[in-house]
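Start from the sequences and build out the full structure, keeping to the hints where you can.
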Amino acid sequence: MSADPTRILDAARGGRAMAWVLAIMLFLTVLAAAAGIGTARAAGALASSLEGRATIVVATADPLRRDREAAAALAAVAALPGVARAAPVPRAELARLLGPWLGAEAGNADLPIPALIDVDLADDAAAARVAAAVRRAAPGARIDRHGDALAGVATLLTSLTVVAAAVVALMLAATSAVVLLSARAGLDAHRATIDVMHGLGATDVQVARLFQRRLARDAILGAVIGAFPALAVVALLGAQVGGMGSALLEQVTLGSAGWVAITALPFVFVALAAWVARRAIVTMLGGTL
Numbered sequence: 001m002s003a004d005p006t007r008i009l010d011a012a013r014g015g016r017a018m019a020w021v022l023a024i025m026l027f028l029t030v031l032a033a034a035a036g037i038g039t040a041r042a043a044g045a046l047a048s049s050l051e052g053r054a055t056i057v058v059a060t061a062d063p064l065r066r067d068r069e070a071a072a073a074l075a076a077v078a079a080l081p082g083v084a085r086a087a088p089v090p091r092a093e094l095a096r097l098l099g100p101w102l103g104a105e106a107g108n109a110d111l112p113i114p115a116l117i118d119v120d121l122a123d124d125a126a127a128a129r130v131a132a133a134v135r136r137a138a139p140g141a142r143i144d145r146h147g148d149a150l151a152g153v154a155t156l157l158t159s160l161t162v163v164a165a166a167v168v169a170l171m172l173a174a175t176s177a178v179v180l181l182s183a184r185a186g187l188d189a190h191r192a193t194i195d196v197m198h199g200l201g202a203t204d205v206q207v208a209r210l211f212q213r214r215l216a217r218d219a220i221l222g223a224v225i226g227a228f229p230a231l232a233v234v235a236l237l238g239a240q241v242g243g244m245g246s247a248l249l250e251q252v253t254l255g256s257a258g259w260v261a262i263t264a265l266p267f268v269f270v271a272l273a274a275w276v277a278r279r280a281i282v283t284m285l286g287g288t289l
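Read left to right, the sequence shown gives residues 1 to 289 (the working numbering).
No lab work stands behind these hints: they were computed from the structure. Accuracy of the hints is not assured; some may be wrong.
Label-pair restraints from in silico Cβ distances [to be verified]: (1) L172 - T55: 41 to 51 Å; (2) A128 - A154: 19 to 29 Å; (3) D118 - A235: 30 to 40 Å; (4) R96 - D123: 28 to 38 Å; (5) Q240 - L102: 51 to 61 Å; (6) E105 - A165: 40 to 50 Å; (7) W20 - L156: 27 to 37 Å.
Cβ coordinates follow ideal geometry from the N, Cα and C atoms, glycine included.
Structure representation (structure tokens):
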């Protein structure tokens, strides 16, 4: 037992299958964790960008009345407490936004484009005051809160984050189960060897340490096999999402903290496997003596 005690337990190579099982589980766990972190960051960025944002829409068909109501609505809300900013959206900007759908006609002066006023609000009370002022100044106008318009998207992102977190938790639990089964199988396969070791004076803790080292080596092998492909896939998907030009999808990123978290997952797997193996072997040995 002086050179490499773990060789005593290496006769049964069937335990090496655990390394491949852990590799697959770690691969899926890293992908789930990356998805959860990305959607959580996107949900936070969406909430931050839409918080306190609203648009007053004056869609009256008569251009003179539309301009008059837009001016009245702007004047009514600009001086209200809790309104940080109120500014009309230039018609040229609206034409640019409509360009992909209307083409050259988007710049037609006769095109009945609604008048829009962007408003930054300090709180919900300010939103109520703005809505009341708009109703009085421009009965044909309406106010759209950006957060309400994309509430479904925010809920979806939050749900995806919860699902991803649940998947990560389930994979960690499954990892513990795989290690537990592998430890039990190793204990049964080496029962005679363990009896000899006990006869020579080895304690349960010493025997458990041998199993822990062997299972930890298998876990390290599985972590190496599963981690590098998973991180490569995450990096590739991140590059593709960043190049799509979508303002929302560009928020689905990991950030430096996210990369640290998913890079730490392989180490968490190895530490979890070693701890579970040690506890399981000590418990089973204690129950059979």
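Q.
Taking 27 to 37 Å as the stated bounds, is the beta-carbon spacing between W20 and L156 within them?
A. holds (35 Å)
Q: Can you let me know if the beta-carbon spacing of L172 and T55 is within 41 to 51 Å?
A: Cβ of L172 to Cβ of T55: about 44 Å, so the range 41 to 51 Å holds.
Q | Range agreement (Cβ of L102 with Cβ of Q240, hint 51 to 61 Å) | A | Given about 30 Å between the Cβ atoms, the range is violated.
Q.
Can you tell me whether the CB distance of A128 to A154 sits inside 19 to 29 Å?
A. holds (21 Å)
Q. Per the hint of 28 to 38 Å, is the separation of the Cβ atoms of R96 and D123 within bounds?
A. Check passed, 32 Å falls within 28 to 38 Å.
Q. Could one say that the CB atoms of E105 and A165 fall in the range 40 to 50 Å?
A. holds (48 Å)
(Q) Quick check on a hinted range of 30 to 40 Å for D118 and A235, using CB atoms only. (A) Given a distance of about 37 Å, which is inside 30 to 40 Å, the answer is holds.
In this structure, the one hint that does not hold is number 5.
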